[in-house]
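All the letters of the sequence shown, read from the start, carry residue numbers 84 to 187 under this note's numbering.
These aren't lab readings, by the way, just hints derived from the structure by calculation.
Careful, some of the hints might be misleading.
Computed beta-carbon distance windows for the label pairs [as the list claims (entries may be wrong)]:
1) 133 with 85: 28 to 36 angstroms
2) 164 with 93: 33 to 41 angstroms
3) 98 with 168: 13 to 21 angstroms
4) 146 with 101: 16 to 24 angstroms
5) 111 with 90: 28 to 36 angstroms
Yeah, the Cβ is synthetic: ideal placement off N, Cα and C, and Gly gets one too.
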Amino acid sequence: MEIVTTETIPHREIDEALGVARGNTVEARNVGRDITQSLRNITGGELKAYSELLTKARDEAISRMEDDAERMGADAVVNVRLETSKVTEGGSEVIAYGTAVTLE
């Protein structure tokens, strides 16, 4: 399965657009992690625990989008986008979506 952020795949022709493939996940912060990250926020620097949490969430959303595209019979997903939103205090949603297509 090819997954790209562009509208086309180089040297490939799109045969058919099957619809929007999507995958999402909601991840919650850890209370213990919040305490250590609050200290980091005072001293400055990257909040690595949160960066790792969002990386994990993005990877999971992309994987779920790929699974959705496979169920649709797609060979690729083009024009992929990622969005993040706060859904509750301490919890964020990451959604990946794009156009599922078949290739010639």
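- Item | Numbers of the earlier hints that this structure fails to satisfy, in rising order | 2 and 3
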